[in-house]
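> Chains as they are written, first to last, in the working numbering: chain A, 1 to 372; chain B, 1 to 272; chain C, 1 to 265.
Rather than coming from a laboratory, the hints here were simulated on the basis of the structure.
The beta-carbon is built from N, C-alpha and C at its ideal position, and this holds for glycine as well.
One should not assume that every hint holds.
[Claimed, not checked] Calculated from the model, a selection of chain A residues having no Cβ within reach of chain B, i.e. all distances over 12 Å:
(1) 18
(2) 257
(3) 265
[Said to hold, decoys possible] The calculated label-pair distances, taken between Cβ atoms and stated as ranges, are:
(4) 78(C) / 301(A): 45 to 55 Å
(5) 123(C) / 4(B): 32 to 42 Å
(6) 169(C) / 4(B): 19 to 29 Å
(7) 71(C) / 230(B): 36 to 46 Å
(8) 131(A) / 89(B): 30 to 40 Å
(9) 159(B) / 321(A): 50 to 60 Å
(10) 255(B) / 26(A): 55 to 65 Å
(11) 8(C) / 128(B): 22 to 32 Å
(12) 67(B) / 117(A): 40 to 50 Å
[As the list claims (entries may be wrong)] Derived list of chain C stretches under chain B, where covered just means 3 residues or more per stretch with a C-beta under 8 Å from a C-beta of chain B:
(13) 92-98
(14) 188-199
(15) 215-229
(16) 236-248
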Amino acid sequence: MAKLIELKGISKSYDSEKVIDSMDLYIRDGEFITLLGPSGCGKTTTLRIIGGFEQADEGELYFEGTEISSVPAYKRQINTVFQKYALFPHLNVYENIAFPLRLKKIKEEEVKEKVTEMLKMVALSGFENKSVSTLSGGQQQRVAIARALISHPKVLLLDEPLGALDLKLRKDMQNELKSIQQKIGITFIYVTHDQEEALSMSDTVVVMANGKIQQIGTPTDIYNEPKNAFVADFIGESNIIDGIMLEDKKVKLASHVFDCVDGGFEKNEPVDVVIRPEDVDVVEPERGMLIGTVTSVTFKGVHYEIIVDIKGFKWMIQSTDYVAPEKTIGIYIEPDAIHIMKKSEYSGKFGDYSSFSDEMDYISNADTAEEF
Amino acid sequence: MKKYAWRIYLCLIFAVLYIPILTLILFSFNETASTAKFAGFSLHWYKELFSSPETFTALRNTLILAVLSSLISTVIGTAAAEGIYKMKNKLAKSAVMSVTNIPMMNPEIVTGFSMMLLFVAVAGILRMEYESIGFAAMLIAHVTFCLPYVILSVLPRINELGDSLSEAALDLGCTPVQAFFKVKLPNIMPGVISGMAMAFTLSLDDFVISYFVGSSNFQTLPLLIYSMTKKKVTPDMYALSTLIVVAVFVLLLFSNMKKSKGETKKVGGGKK
Amino acid sequence: MHSIAAAPHIFWAVLFVVLPLFIVVFYAFTDESGSFSPWNIAALADYFPIFLISLELAVIATCICLLLGYPLAYAIARAKPQHQKIFIMLLMLPMWTNLLIRTYSIMAILDDRGFLNTLFDTHFHIIGTKGAVIFGMVYDFLPYMVLPIYTCISKIDKHMWEAASDLGCSPIKVMTRVILPLSRSGIISGVTMVLVPCISTFYISQKLGGGTFELIGDTIERQFLNGARNIGAAISLVMMILILISLAVMNRFTDSDGEDGGIIV
Numbered sequence: 001m002a003k004l005i006e007l008k009g010i011s012k013s014y015d016s017e018k019v020i021d022s023m024d025l026y027i028r029d030g031e032f033i034t035l036l037g038p039s040g041c042g043k044t045t046t047l048r049i050i051g052g053f054e055q056a057d058e059g060e061l062y063f064e065g066t067e068i069s070s071v072p073a074y075k076r077q078i079n080t081v082f083q084k085y086a087l088f089p090h091l092n093v094y095e096n097i098a099f100p101l102r103l104k105k106i107k108e109e110e111v112k113e114k115v116t117e118m119l120k121m122v123a124l125s126g127f128e129n130k131s132v133s134t135l136s137g138g139q140q141q142r143v144a145i146a147r148a149l150i151s152h153p154k155v156l157l158l159d160e161p162l163g164a165l166d167l168k169l170r171k172d173m174q175n176e177l178k179s180i181q182q183k184i185g186i187t188f189i190y191v192t193h194d195q196e197e198a199l200s201m202s203d204t205v206v207v208m209a210n211g212k213i214q215q216i217g218t219p220t221d222i223y224n225e226p227k228n229a230f231v232a233d234f235i236g237e238s239n240i241i242d243g244i245m246l247e248d249k250k251v252k253l254a255s256h257v258f259d260c261v262d263g264g265f266e267k268n269e270p271v272d273v274v275i276r277p278e279d280v281d282v283v284e285p286e287r288g289m290l291i292g293t294v295t296s297v298t299f300k301g302v303h304y305e306i307i308v309d310i311k312g313f314k315w316m317i318q319s320t321d322y323v324a325p326e327k328t329i330g331i332y333i334e335p336d337a338i339h340i341m342k343k344s345e346y347s348g349k350f351g352d353y354s355s356f357s358d359e360m361d362y363i364s365n366a367d368t369a370e371e372f
Numbered sequence: 001m002k003k004y005a006w007r008i009y010l011c012l013i014f015a016v017l018y019i020p021i022l023t024l025i026l027f028s029f030n031e032t033a034s035t036a037k038f039a040g041f042s043l044h045w046y047k048e049l050f051s052s053p054e055t056f057t058a059l060r061n062t063l064i065l066a067v068l069s070s071l072i073s074t075v076i077g078t079a080a081a082e083g084i085y086k087m088k089n090k091l092a093k094s095a096v097m098s099v100t101n102i103p104m105m106n107p108e109i110v111t112g113f114s115m116m117l118l119f120v121a122v123a124g125i126l127r128m129e130y131e132s133i134g135f136a137a138m139l140i141a142h143v144t145f146c147l148p149y150v151i152l153s154v155l156p157r158i159n160e161l162g163d164s165l166s167e168a169a170l171d172l173g174c175t176p177v178q179a180f181f182k183v184k185l186p187n188i189m190p191g192v193i194s195g196m197a198m199a200f201t202l203s204l205d206d207f208v209i210s211y212f213v214g215s216s217n218f219q220t221l222p223l224l225i226y227s228m229t230k231k232k233v234t235p236d237m238y239a240l241s242t243l244i245v246v247a248v249f250v251l252l253l254f255s256n257m258k259k260s261k262g263e264t265k266k267v268g269g270g271k272k
Numbered sequence: 001m002h003s004i005a006a007a008p009h010i011f012w013a014v015l016f017v018v019l020p021l022f023i024v025v026f027y028a029f030t031d032e033s034g035s036f037s038p039w040n041i042a043a044l045a046d047y048f049p050i051f052l053i054s055l056e057l058a059v060i061a062t063c064i065c066l067l068l069g070y071p072l073a074y075a076i077a078r079a080k081p082q083h084q085k086i087f088i089m090l091l092m093l094p095m096w097t098n099l100l101i102r103t104y105s106i107m108a109i110l111d112d113r114g115f116l117n118t119l120f121d122t123h124f125h126i127i128g129t130k131g132a133v134i135f136g137m138v139y140d141f142l143p144y145m146v147l148p149i150y151t152c153i154s155k156i157d158k159h160m161w162e163a164a165s166d167l168g169c170s171p172i173k174v175m176t177r178v179i180l181p182l183s184r185s186g187i188i189s190g191v192t193m194v195l196v197p198c199i200s201t202f203y204i205s206q207k208l209g210g211g212t213f214e215l216i217g218d219t220i221e222r223q224f225l226n227g228a229r230n231i232g233a234a235i236s237l238v239m240m241i242l243i244l245i246s247l248a249v250m251n252r253f254t255d256s257d258g259e260d261g262g263i264i265v
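Given the sequences, and given the hints that come with them, work out the whole structure.
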């Protein structure tokens with residue numbers, strides 16, 4: 001797949017606050033790429049620069065090999081599905097979707113044919129004459145997608161398009177978006193703060209924080225081989241523990257030496273060690289590699305979420321078996337469940353569950369609406 | 001008990017507010033020329049009114065002026081509201097808003113007096129009689145005092161609408177000008193219409209500024225009424241006022257009914 | 001569309017709003033031949049009593065408008081929605097009826113040989129007193145006080161009353177501690193909208209004052225009719241400055257949410 005869009009050294013500041021810091025990224029033709037990050041990480045601004053709604057302060061933006069920084073939005077072959085859909089309230093469903101064709105003064109028969117086809121694709125046949133304000137959120141979403149796709153753009157930008165929908169509908173729309181993308185085969189650039197959404201839909205995930213790209217990779221890469229503590233913490237749940245790399249495939253943490261599968265570090269180099277909660281097995285204390293005390297147990301449906309205090313560090317363990325609080329348990333970890341990362345600016349900031357609560361998680365997700 | 005006190009209060013105020021208007025309507029049907037003693041019912045003063053060419057000229061002038069000044073101020077004002085919204089420099093924006101507000105804040109008498117001085121100066125420079133620029137002066141004055149009301153009626157709508165719809169239009173291939181006319185304008189239309197209605201009524205009703213700026217060859221209704229009240233007033237002016245009151249009443253009733261109809265429609269849609 | 005769309009308006013405002021004000025300043029400081037003269041301003045001392053009486057009447061009328069108008073606005077805002085609409089319409093109807101006619105009608109009613117005295121065969125002398133002028137001002141401008149306050153009160157969340165009384169406010173305390181402070185911006189724009197036309201009116205005082213005393217608006221009109229533009233300009237200038245200062249002072253009390261008030265149509 002060829003490079004379709006390329007960002008070279010893109011920077012952007014608002015009121016002297018840097019939102020994007022010299023970003024390099026290329027996007028291939030036909031891929032489903034997701035910009036993932038917490039609110040304020042610069043993902044929406046990146047999208048708006050690609051769409052032509054913002055000008056970068058520095059850097060170049062290439063589309064099929066030509067610099068397009070100064071090309072206005074309406075001349076770019078890039079269309080957008082906006083966060084709150086931005087459907088035109090004064091037009092009905094049919095006219096909303098036909099809007100781009102009307103601008104090109106296309107004949108009515110052709111317009112009708114294309115709009116009908118689009119409505120069929122998004123499963124809204126028969127809704128032509130409805131006013132957009134009477135549609136449900138999911139239906140408005142479909143109209144927005146149809147409207148953005150009708151003039152056959154080469155790229156579709158989607159800015160948190162599922163943010164306003166409820167959970168069940170969101171899951172359905174995820175599948176639908178993915179299948180639409182596969183059907184028409186154009187590039188989708190998707191912006192979200194929801195890591196699950198990113199992992200389940202994308203070919204490529206770009207994890208961003210503080211205006212910088214933290215990691216680019218396939219969903220499995222990102223999950224299994226996070227590059228630093230930020231990515232490890234943001235994608236799924238992680239225990240991130242300080243460790244020392246004694247030699248290749250030998251890491252010491254919590255005064256116990258573990259076998260692992262990673263190598264290529266200096267001798268005795270301090271590292272961050274990532275262990276996913278689902279990879280930790282609960283065993284009898286005498287069989288455990290480490291021993292700790294259970295401080296809390298929460299039932300989560302599929303599993304129990306167990307917080308264990310091991311030498312002052314709180315680990316999260318997910319287990320299908322119930323363990324009573326206050327009990328002393330042992331834990332066992334397979335070598336391939338241990339992932340070693342180089343130390344970074346994010347070391348020590350994430351991955352300890354001592355202050356963990358669901359409420360905190362909720363707050364950190366709730367503020368995304370204020371993003372640019 | 002408390003409830004009744006409130007009702008009595010409301011009734012009292014509205015009674016005082018309407019007594020002069022009701023007496024005026026009453027005496028417009030008076031048989032004699034008295035505005036103090038009702039002698040009997042007659043349509044005499046209405047006939048008098050309609051047979052007066054002066055009144056008709058004034059009515060025609062007033063309507064021409066109101067239509068033109070509301071149209072011009074709506075076009076300039078709507079464009080200005082969009083422009084002010086797009087201004088990024090906060091200092092420039094507040095400077096423009098301050099200048100915009102001057103005709104609203106300044107006493108009408110000062111606005112009228114200052115514009116009169118300007119037009120006298122302009123007439124002097126052009127070596128023309130003041131009368132020959134009378135209509136232009138009046139039109140300019142009316143547009144000037146209508147503009148802030150149009151802007152203040154449109155600007156909140158534009159602010160409320162935000163950029164998302166315009167951006168969507170640009171994204172779908174509109175040029176910025178197309179985006180404004182095809183998407184933004186239809187969605188801020190209620191603000192534009194109410195701004196225009198306000199400009200129209202303000203122009204229709206204006207006396208003070210017209211009095212200072214106007215000249216004898218361009219008489220409007222308020223100016224005519226003023227010149228009539230200077231002399232001994234005959235009830236034909238009352239007849240004229242009655243007609244205006246009835247017209248305004250019908251207009252208000254109509255617009256209110258239309259508004260509430262629109263609202264119930266919206267509520268019905270929301271329930272689905 | 002860019003900010004350039006505001007250009008015609010800015011051009012217009014500079015030419016027809018700002019420039020005329022500069023001409024007023026120019027006239028105020030020159031004599032009839034156009035050369036500099038401080039005498040117009042110096043002569044203003046003679047008009048000081050007129051300024052004073054204008055201010056006195058305008059302030060009294062504004063206070064009465066506020067005292068009558070606030071309860072009225074409150075009562076309307078607390079009425080049923082469909083009743084609110086009717087009340088507001090009733091309030092606006094006189095507003096859109098020509099001011100001259102309304103004022104004249106009051107005169108015809110209150111005149112020594114007017115409707116009232118004829119009807120009851122009495123001989124009250126009202127026209128020509130300060131009271132009549134104040135009554136005229138209140139009558140003409142009361143709706144301008146009520147509408148902004150009404151807009152402000154009707155925007156207050158209905159739960160505010162419940163919350164306040166839930167927290168232990170008596171009905172009077174709900175009013176003084178919660179509702180009054182929340183409707184402050186409406187009060188200020190109402191006061192502005194009444195005070196300014198009251199200070200500068202010339203029609204009301206002519207008709208209802210019966211020509212027994214002169215207000216500052218009458219003085220400007222008289223100078224205008226006499227062609228004494230320089231002294232008229234000087235009086236206008238001072239009046240404008242006084243009003244702009246008082247508006248600026250009042251605006252300091254509205255914590256930057258000035259858009260709450262204003263007129264509604």
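> Each hint: holds or not?
Results of checking the hints against the structure:
1. Residue-level check passed: residue 18(A) sits 19 Å from the nearest beta carbon of chain B, beyond 12 Å.
2. For residue 257(A), the condition that its CB be more than 12 Å from all CB atoms of chain B holds, with the nearest at approximately 57 Å.
3. Distance check on residue 265(A): its Cβ is at least 47 Å (rounded) from any Cβ of chain B, clearing the 12 Å threshold; non-interface status holds.
4. With their beta carbons about 50 Å apart, residue 78(C) and residue 301(A) fall inside the hinted range of 45 to 55 Å.
5. At roughly 35 Å, the beta carbons of residue 123(C) and residue 4(B) sit within the given window of 32 to 42 Å.
6. For the pair residue 169(C) and residue 4(B), the beta carbons lie near 24 Å from each other, so the given range of 19 to 29 Å is met.
7. A beta carbon spacing of about 38 Å between residue 71(C) and residue 230(B) agrees with the range 36 to 46 Å that was offered as a hint.
8. Judged by the Cβ atoms, the range 30 to 40 Å given for residue 131(A) and residue 89(B) holds: they are separated by roughly 39 Å.
9. For the hinted restraint 50 to 60 Å between residue 159(B) and residue 321(A), the CB-CB distance of approximately 58 Å keeps it satisfied.
10. Hint check: residue 255(B) to residue 26(A), Cβ distance near 58 Å, so the stated range 55 to 65 Å holds.
11. Between residue 8(C) and residue 128(B) the CB atoms are about 25 Å apart, so this pair conforms to the stated range of 22 to 32 Å.
12. A hinted range of 40 to 50 Å for the beta carbons of residue 67(B) and residue 117(A) is consistent with their spacing of about 48 Å.
13. Figure legend: the segment 92-98 of chain C, annotated as covered by chain B; annotation consistent (6 residues with Cβ-Cβ distances under 8 Å, at least 3 required).
14. Interface restraint, the segment 188-199 of chain C with chain B: holds (4 residues with C-beta to C-beta distance below 8 Å; minimum three).
15. Figure legend: the segment 215-229 of chain C, annotated as covered by chain B; annotation consistent (5 residues with Cβ-Cβ distances under 8 Å, at least 3 required).
16. Counting residues of the segment 236-248 of chain C whose beta carbon lies closer than 8 Å to any beta carbon of chain B gives 6, which meets the minimum of three for the stated coverage.
The structure fails none of the hints (numbered hints given earlier).
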